[in-house]
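K.L.:
Take the given structure of chain A and dock chain B to it, following the hints.
For reference, the chains in residue letters:
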Amino acid sequence: MTRRRRRGVLISGALVVLAAAVGLVLMALSDSIVFFHTPSDLSAKAVPEGQRIRLGGLVAVGSVKRGQGTDVEFAITDTAEQITVRYRGVLPDLFREGQGVVTEGALEGGRIFRADTVLAKHDENYMPREVADALKEKGLWQHGAPPPAVSAPQPAAEKK
Amino acid sequence: MIVELGHFALVLAFLVCVVQMIVPAWGARIGDHRLMGIGEPAALLQFGLLILAFAALTHAYVVSDFSVTNVYQNSHSTKPLIYRISGVWGNHEGSMLLWVLILALFGAAVAAFGSNLPTTLRANVLSVQASIALAFLLFILLTSNPFDRLDPVPAEGRGLNPILQDPALAFHPPFLYAGYVGFSMAYSFAIAGLIEGRTDAAWARWVRPWTLAAWMFLTVGISMGSWWAYYELGWGGWWFWDPVENASFMPWLAGTALLHSAVVMEKREALKVWTILLAILTFSLSLMGAFLVRSGVLSSVHAFAVDPKRGVFILAIMMFFIGGGLMLYAWRAPSLRQGGIFAPLSREGGLVLNNVLITTATGTVLVGTLYPLALESINGAKISVGAPYFNATFVPLMVPLLLALPFGPLLGWKRGDVVAAMQRLMIAGLVSIASIAVVFAIMWRGPWLAPFAIALGVWVIGGAISELLFRAKAGQADRAEVLRRLRNLPRSVYGTAIAHAGVGVMVIGITATSAWQSETILTMRPGQTAHMAGYDITFTGVAPREGPNYREVIGLMQVSRGETRVTELAPSKRQYNAPAQATSEAGIHVALAGDLYVVLGDEAGDGAWSVRLYFNPLVRLIWLGTIIMFIGGAFSLSDRRLRVGAPRRSRRRIPTPVPAE
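So the protein lines, in turn, are chains A and B. Using numbering that gives the first Met the number 0, read the first sequence as starting at 0 and increasing by one per residue. Using numbering that gives the first Met the number 0, read the second sequence as starting at 0 and increasing by one per residue.
Hint data in this document are derived by calculation from the structure and do not stem from the laboratory. Some hints could be false.
The calculated DMTMM-like cross-link candidates involving lysine to aspartate or glutamate, where the alpha carbons are at most 20 Å apart (straight line), are [as the list claims (entries may be wrong)]:
no.	chain 1	residue 1	chain 2	residue 2
1	A	Lys44	A	Glu96
2	A	Lys64	A	Asp30
3	B	Lys381	A	Asp132
4	B	Lys381	A	Glu48
5	B	Lys308	A	Asp132
6	B	Lys413	B	Asp199
7	B	Lys381	A	Glu103
8	A	Lys64	B	Glu602
9	A	Lys64	B	Glu375
10	B	Lys266	B	Asp638
11	B	Lys381	A	Asp40
12	B	Lys308	B	Asp147
13	B	Lys381	A	Asp30
14	B	Lys381	A	Glu80
15	A	Lys64	A	Glu103
16	A	Lys64	B	Asp605
17	B	Lys266	B	Glu375
18	A	Lys44	B	Asp147
19	B	Lys413	B	Glu268
Chain A with its partners taken away, still in its complex shape (with noise of 0.2 Å):
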């Protein structure tokens, strides 16, 4: 083989492994990324019932209950609009009324939507980019000021 073909064996080769990838990835991207939604999106757009989505905002202060065994209900507010959110299963850590949380599932009839995925976060004063976002879009919440609700001090912890 001369120079000129083997270079052309390689690079056609390694073509077709990068078509396979971008095969991979447009298809991968088209059925297995979740929206986040507000809960005012939420009124506004409609989201099918039952399509996998990340709802998020503040924890409604006096709203959680806990049912029978491992269940529990909240509800989800960026103060304008609230959600009712049905989870089973053991809250991480630092879930807190009145704390920024992001919640993964689908809505079920109504105004109710079922969670299998109450996201953890490490820090305290951490506030989710999305919940941030849309509370400063409201502008209830700025960057550096502790979040609203709580009165944390604000140290400028985090890690890796």
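P.N.:
Positioned in the frame of chain A, the structure of chain B alone reads:
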């Protein structure tokens, strides 16, 4: 006083960096040896000054000097000594100081051990290394100075985030950074090579051990992080395809590809242009990792509160080094001389396949990590890309890689004999096929693909053993001869085989724990017994306990198997004093077949508690695999060829860069 000394040392290090960046490179350009010679003492001095700065900050932490803002914000006098020390890098400012310290360490290593490098190459490498340090020192001094003072002095600090008060996490950042920053050497050599317009086998022989060392550190660092997430975060998983995790995984993948392509360059002087590009990309991904983690632009389960202003600065640093590196590459790479030619089916061809698959896989991870950011900036939609995406893209690319892996080392350079390699791998292949049947017989439940994935792991391990046996002429020579040959095999051969076997071990662990993990969540009253994976777990109640800087409630769990008592587990819920934050500590029973993993949830009323139980089969093999990979790397690093140092370049001397014609 000591703090001011540290601050002063930091500023001096910055000034030394300016000199180290400009003078040696200028000397290399005009061919002045005195000017080039300034690089070494400058690199050593810079390292010494940064040690001083780092020691000053550590001292402030150890004696709990709360007049320093950074110490006040991240430390507490009741914290155990080890966490007061690890607190130095458990925060943004301190971790950036650690970053530049390690950067300077690598620069100093070139100065101390690089006497056999061509003078101009060494001068240019030290200049580039200094320019990186300069950027980060400027970043520290302008936006994140760890030595800022506080007035009035508070009586007590705020404490370190409790989940960071952990032995594995104490050493996770230093290892991770040694890996990230270690790739800066590959970058500096690549840039220096491009400036000189010349790279050869000696260049690769220098770059490879540094890349290997960085890769080993990064392997351990990521592995520690994953282990920590597994036992500390109490969700029974070990990897989440979270952006912060991906940020460290991408440089690791690119570094793995670089290690392999550098072999081709060293042995055969081929793939030069590609290796240089990969060296630039690997460090670029490290910088991007630093940016993603430090800026908080991505939302992550591992994210901590961050200041967005700093993100912009790091973004600028990142753009400069990535953009500058790639521009220089585009300009100069065409002038690099082509190396040896080879057939597609050959050792080189195998390594090219490795590179194609790994870099493509890196690309898919990159797309998945940045896509949410891109989409949001285009139409404002907020999305998250999670594990399903990565399982659908990354995993399929790894399958051909693992299938082909055992062939690589058995193929000859230039032109390989695939049929002969197949014969040598016959036994490994048969064992691997047999393992499919065995796994199906034991675990008939679960996904049907899992036994095949296990077989893939067995195939990779079998391939590594086959290679060693083939080289020792097992089955052809008598036993004494085989043993003698095994003893005399170069360490790099062992290194390759061991590291590859580690990959196989990890694949088995990942498959087993993803396919056959069991999980239940239930509410338990004292006296109640739950069953999982053959274990009987009896909850006998809760008890309070006092720690050095926390209070906790422990759940008492008696674990038995039939009649025999196995162990007692005590998962707990902790409440730390400073900062006041709650954590869960899982109770884990480790056995050969897998981990029994118990997490105490919330109190459900009248003495009942919610409890999460997991059984993670063979999960330890994941971390064991990474340790084996590390050991393989260490073997390779201790090979004579690398230890003795690069042979001196004898042939042609090309004094000035030759422009493309």
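K.L.:
Indicate, hint by hint, whether the structure satisfies it.
P.N.:
Outcome of the hint check:
The hinted pair formed by Lys44 (chain A) and Glu96 (chain A) fails the criterion: a straight-line CA distance of about 27 Å is larger than 20 Å. For the suggested pair Lys64 (chain A) and Asp30 (chain A), the alpha carbons sit about 34 Å apart, so the restraint of at most 20 Å is broken. A hinted pair counts as satisfied when its Cα atoms are at most 20 Å apart, and Lys381 (chain B) with Asp132 (chain A) qualifies at roughly 10 Å. Taken as a hint, the Lys381 (chain B) and Glu48 (chain A) pair is honoured in the structure, with Cα atoms around 19 Å apart against an allowance of 20 Å.
Between the alpha carbons of Lys308 (chain B) and Asp132 (chain A) the distance comes to roughly 16 Å, so the proposed pair stays at or under 20 Å and holds. For the hint pairing Lys413 (chain B) with Asp199 (chain B), the CA-to-CA distance comes to about 18 Å; that is within 20 Å, so the pair holds. In summary, the hint linking Lys381 (chain B) to Glu103 (chain A) is supported, as the alpha carbons are separated by about 13 Å, within the 20 Å threshold. For the hint pairing Lys64 (chain A) with Glu602 (chain B), the CA-to-CA distance comes to about 13 Å; that is within 20 Å, so the pair holds.
This hinted pair does not check out: Lys64 (chain A) and Glu375 (chain B) have alpha carbons roughly 35 Å apart, beyond 20 Å. As the CA atoms of Lys266 (chain B) and Asp638 (chain B) are separated by approximately 15 Å, the hinted pair is consistent with the 20 Å bound. Taking the CA atoms of Lys381 (chain B) and Asp40 (chain A), the gap is about 11 Å. The hint holds against a cut of 20 Å. Proposed proximity of Lys308 (chain B) and Asp147 (chain B) is supported: the alpha carbons are some 18 Å apart, at most 20 Å.
Our distance criterion of 20 Å between C-alpha atoms is met by Lys381 (chain B) and Asp30 (chain A), whose separation comes to about 15 Å. Distance hint between Lys381 (chain B) and Glu80 (chain A) is fulfilled; the C-alpha atoms sit about 19 Å from each other, no more than 20 Å. Taking the CA atoms of Lys64 (chain A) and Glu103 (chain A), the gap is near 19 Å; set against the 20 Å cutoff, the hint holds. Under the criterion of a C-alpha separation no larger than 20 Å, the hint pairing Lys64 (chain A) with Asp605 (chain B) is consistent with the structure, at around 16 Å.
Annotation: proposed proximity of Lys266 (chain B) to Glu375 (chain B) is violated, straight-line Cα distance about 46 Å (limit 20 Å). Taken as a hint, the Lys44 (chain A) and Asp147 (chain B) pair is broken in the structure, with Cα atoms around 49 Å apart against an allowance of 20 Å. At roughly 12 Å between alpha-carbon atoms, Lys413 (chain B) and Glu268 (chain B) fall within 20 Å of each other, so this suggested pair holds.
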